[in-house]
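Visitor: The primary structure of each chain is shown beneath.
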Amino acid sequence: MSENAEPLIQVRNLSKHYGEAAVLENISFNIESGDLVSIIGPSGCGKSTLLRCLNCLEILDEGEICINGTLISSQLALVDDAMFCRRAHQLRQSIGMVFQSFNLFPHKTLLENIMLAPMVVRKQSRELSRRQGMELLDKVGLANFYKRHPWSISGGQKQRVAIARALAMNPVLMLYDEPTSALDPEMVEEVLQVMRNLDRDGMTQVIVSHEMKFARDASDYIIYVEGGKIVEISDEDEIFISPKDERTKRFLKRYM
Amino acid sequence: MKRFLFFILILFGSSTYGDELRWAADTESGAPSVFYDGNSQLAGFEKEIIEEVCKELDKAPIFYQNDWAWLIPGLDHGLYDAIVEGLFRSEENKDAVLFSIPYYACPLSLLVREGDEEIKSLEHCRKKKVGVLCCSRPRIVLKEYEDIEVFEYPNEHGALSDVKNGRLDAALLDYPAAMYSTIALKGLKIVNNFDSVEYLMAVRKGNYALIGEINGALLKLIQNGKVQIIVSKWGLTNPLFDAYIAKMVGGSGADARDTFEREQSSSKFQKYVKLLPIFAKAALVTLEVSICGMIVAVALGLVLVLVKLYSPRWIRFIVTVAVEIIRGTPLIVQLFFIFYGLPFVGITLQPLVAGIVALGINYAAYESENFRAGLEAVPSGQMEAARALGMSQWQSLRYVVIPQAFCFVLPPLTNDFIAIIKESSLVSLITIVELTKTYTTVASSSFDFFIPGIIVAVLYLALGLPFVRLAKLAEKYLALEKSAYRAKRIPKKSHINAQ
Ligand SMILES: Nc1ncnc2c1ncn2[C@@H]1O[C@H](COP(=O)(O)OP(=O)(O)O)[C@@H](O)[C@H]1O
Ligand SMILES: [Mg+2]
Numbered sequence: 008m009s010e011n012a013e014p015l016i017q018v019r020n021l022s023k024h025y026g027e028a029a030v031l032e033n034i035s036f037n038i039e040s041g042d043l044v045s046i047i048g049p050s051g052c053g054k055s056t057l058l059r060c061l062n063c064l065e066i067l068d069e070g071e072i073c074i075n076g077t078l079i080s081s082q083l084a085l086v087d088d089a090m091f092c093r094r095a096h097q098l099r100q101s102i103g104m105v106f107q108s109f110n111l112f113p114h115k116t117l118l119e120n121i122m123l124a125p126m127v128v129r130k131q132s133r134e135l136s137r138r139q140g141m142e143l144l145d146k147v148g149l150a151n152f153y154k155r156h157p158w159s160i161s162g163g164q165k166q167r168v169a170i171a172r173a174l175a176m177n178p179v180l181m182l183y184d185e186p187t188s189a190l191d192p193e194m195v196e197e198v199l200q201v202m203r204n205l206d207r208d209g210m211t212q213v214i215v216s217h218e219m220k221f222a223r224d225a226s227d228y229i230i231y232v233e234g235g236k237i238v239e240i241s242d243e244d245e246i247f248i249s250p251k252d253e254r255t256k257r258f259l260k261r262y263m
Numbered sequence: 229m230k231r232f233l234f235f236i237l238i239l240f241g242s243s244t245y246g247d248e249l250r251w252a253a254d255t256e257s258g259a260p261s262v263f264y265d266g267n268s269q270l271a272g273f274e275k276e277i278i279e280e281v282c283k284e285l286d287k288a289p290i291f292y293q294n295d296w297a298w299l300i301p302g303l304d305h306g307l308y309d310a311i312v313e314g315l316f317r318s319e320e321n322k323d324a325v326l327f328s329i330p331y332y333a334c335p336l337s338l339l340v341r342e343g344d345e346e347i348k349s350l351e352h353c354r355k356k357k358v359g360v361l362c363c364s365r366p367r368i369v370l371k372e373y374e375d376i377e378v379f380e381y382p383n384e385h386g387a388l389s390d391v392k393n394g395r396l397d398a399a400l401l402d403y404p405a406a407m408y409s410t411i412a413l414k415g416l417k418i419v420n421n422f423d424s425v426e427y428l429m430a431v432r433k434g435n436y437a438l439i440g441e442i443n444g445a446l447l448k449l450i451q452n453g454k455v456q457i458i459v460s461k462w463g464l465t466n467p468l469f470d471a472y473i474a475k476m477v478g479g480s481g482a483d484a485r486d487t488f489e490r491e492q493s494s495s496k497f498q499k500y501v502k503l504l505p506i507f508a509k510a511a512l513v514t515l516e517v518s519i520c521g522m523i524v525a526v527a528l529g530l531v532l533v534l535v536k537l538y539s540p541r542w543i544r545f546i547v548t549v550a551v552e553i554i555r556g557t558p559l560i561v562q563l564f565f566i567f568y569g570l571p572f573v574g575i576t577l578q579p580l581v582a583g584i585v586a587l588g589i590n591y592a593a594y595e596s597e598n599f600r601a602g603l604e605a606v607p608s609g610q611m612e613a614a615r616a617l618g619m620s621q622w623q624s625l626r627y628v629v630i631p632q633a634f635c636f637v638l639p640p641l642t643n644d645f646i647a648i649i650k651e652s653s654l655v656s657l658i659t660i661v662e663l664t665k666t667y668t669t670v671a672s673s674s675f676d677f678f679i680p681g682i683i684v685a686v687l688y689l690a691l692g693l694p695f696v697r698l699a700k701l702a703e704k705y706l707a708l709e710k711s712a713y714r715a716k717r718i719p720k721k722s723h724i725n726a727q
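If you read the protein sequences in the order shown, they are chains Y and P. Each residue of the first sequence is one higher than the one before, counting from 8 in this note's numbering. Each residue of the second sequence is one higher than the one before, counting from 229 in this note's numbering.
Note that these hints are calculated values from the structure, not bench results. Be a bit skeptical, because a hint or two may be false.
For lysine to any residue, the following SDA-like pairs were computed, each having C-alpha atoms within a straight-line distance of at most 20 Å [unchecked claim]: (1) Y:LYS115 <-> P:ARG626; (2) Y:LYS130 <-> P:TRP622; (3) Y:LYS115 <-> P:SER620; (4) Y:LYS130 <-> P:GLN621; (5) Y:LYS115 <-> P:MET611; (6) P:LYS704 <-> Y:HIS114; (7) P:LYS322 <-> P:LEU438; (8) Y:LYS115 <-> P:LYS454; (9) Y:LYS115 <-> P:LEU638; (10) Y:LYS115 <-> P:SER608; (11) Y:LYS130 <-> P:GLN623; (12) P:LYS454 <-> P:ASN466; (13) Y:LYS115 <-> P:LEU625; (14) P:LYS704 <-> Y:LYS130; (15) Y:LYS115 <-> P:GLN621.
Label-pair ranges, simulated between beta-carbon atoms [stated by the list, open to error]: (16) Y:SER101 <-> P:ILE575: 47 to 57 Å; (17) Y:ARG138 <-> P:VAL561: 54 to 64 Å; (18) Y:GLY76 <-> P:VAL531: 35 to 45 Å; (19) P:VAL531 <-> Y:ARG93: 20 to 30 Å.
Quick partial rundown of chain P residues pointing at chain Y, CB under 10 Å, derived from the structure [said to hold, decoys possible]: (20) ASN421; (21) SER424; (22) ALA614; (23) ARG615; (24) ALA616; (25) GLN623.
All of these numbers come straight from a predicted model, not from anything done at the bench. Every residue gets a Cβ at the ideal spot worked out from N, C-alpha and C, and that includes glycine.
Go ahead and model the full structure; you've got the sequences and the hints to work with.
Guide: Laid out in structure tokens, this is it:
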């Protein structure tokens, strides 16, 4: 975390509505390269929406996001739609996303799941994609399973493949939306371990999670969201030991 | 596939004039005019006359089959150059085509059941039921008898069997048809010959060159006695014909008639065996129309559904309206519109192409709905995951969503294929000789709807069978794929902006 470098992610005054209801209101924060940040908060507070905005899966209504030097703003979407789409498309290629429900492609083997995007989007050769795919499967400890189809492996293994699949596009940033919520308790650790390893390798990661222990142990800092607003951004221990805000206190009490 | 393309090319290419005389008739009207004989060869006294005419003109005769009622519309937009099918001049058609000089003349014949001693002439038919062919000379004659109940039939067979089974009291037909009917269908007799009708060839309005050539050839053939030889060979001479010839030149055997008589009494089994090759050929045509139609339907259906789901609203609206129009109108109307209607705006399609296009468009509307259901059955998280990996919308559809939708779509698709095989029988209405058309043709010229019907039914089943198996396989495959979905939680429906 060098002091003078631009932060990898800058979010300024981000707002998002669905119809009348505001889901996100005036969200601003920065994330430095190499950080592991947890976003916590009660269900329905807008965490998923926030991640999806970072990934341009949703169009922002107000504000701007600058990730790795690519600027996306609500202004741009209004003024030059084509330019907006081009930038969003470009941005998505450098951001990996992992979903609660894995969303692996059931008609492809694990290896093919990983090879698909590099071949289709980057026009990378089959040979290279294959080699890279095997390396990534090895990295998440599933090299022996490369011929299997997604339905024949456990939830934890699926999530590890999903992470490997996202890594295949060489992202500068990984987003996780409750990556362990759909998993049986004994499988949670294997997924968290992969994320810890990535953190060690210097990957920037943003995790929406209810794993408070993991958030506390692994995160550089924690963003607490409630009702579409950032209530508190604090150092990982600080928030658990002495939450500044009354609402954070109430939320954490239920989880600890 | 190559074979089909070749087939289509031939059809496109066949609309040249050159040294051909393309002539049309309806073989369903049976012996002795133009029909398929026991060896599945085209036969009939009119066929022999037109062939003589072609010899005179040094042209190759090319035969086109068309339904009696559609003969003149087909001529109008250039499917063929001439009609040789017992046409006579009437108030309705006299301005529609150019007629040649007569090549045959005869009376009308009143047919009743053998043993019926009551009806001796039309006068005795008052308050009774009489069958005629639609658009025939007898139909016009009977208009003057208001108290005779007239029933119109599309072919002789229907009228005659109804006389036999008592639904009608009599039938009024042209002399040749009446005479040959009594040979083929025992138990009927001719009680009266009266009135007269002259058979003329017809060409397109304005085609004076061709009608001139045909008249010249006919005159020559009458003068050198060739027409008389053919007519007497078929046993069709009668006082009216003799009088007409005498008028033309101032001047008969029964070989062909004997042959026809022999054939009718020859072994039934042999007759059916001889039918098999033409049925096999017809089955191929049915299969060709169905497969090509389905290929068009699948390709067009896919385009329609992608447009409907992923394009700007106003295009979507147009497509939705188009699909509703196609789904809300009968296929037969679409078929006639494409075949007989589109030529008015300059688009003239060959019959096979028109048939394939009509079936293809019709089924595309259904397939697009089928595909839509299939695409929507793929969890939205799949599209989202693909977009998140940096794939464009089209790439996500192409590599992730469509392959998965495919296995949802396959079972209904194969069922539709079986349906299209059956519905392809409608293309027989635009001159394509496929299974159903062959059935009615064979049946009405042999007066036997039973065994040929069974043969046709078996062939239709045999054509559909591979696809029934395919549907079963598809369902098994689908069950396998479904387990893939069962294993994971379906994510809550989330919305992806079309970017
Ligand atoms: N596509 C949508 N249309 C309308 N409302 C939505 C949509 N997606 C999410 N919401 C609403 O936005 C709010 C935030 O949702 P979400 O970001 O999924 O919350 P979280 O992930 O924190 O549980 C919820 O109240 C939800 O009902
Ligand atoms: Mg969520």
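Visitor: Against which earlier hints does the structure fall short, listed by number upward?
Guide: 8, 14, 20, 21
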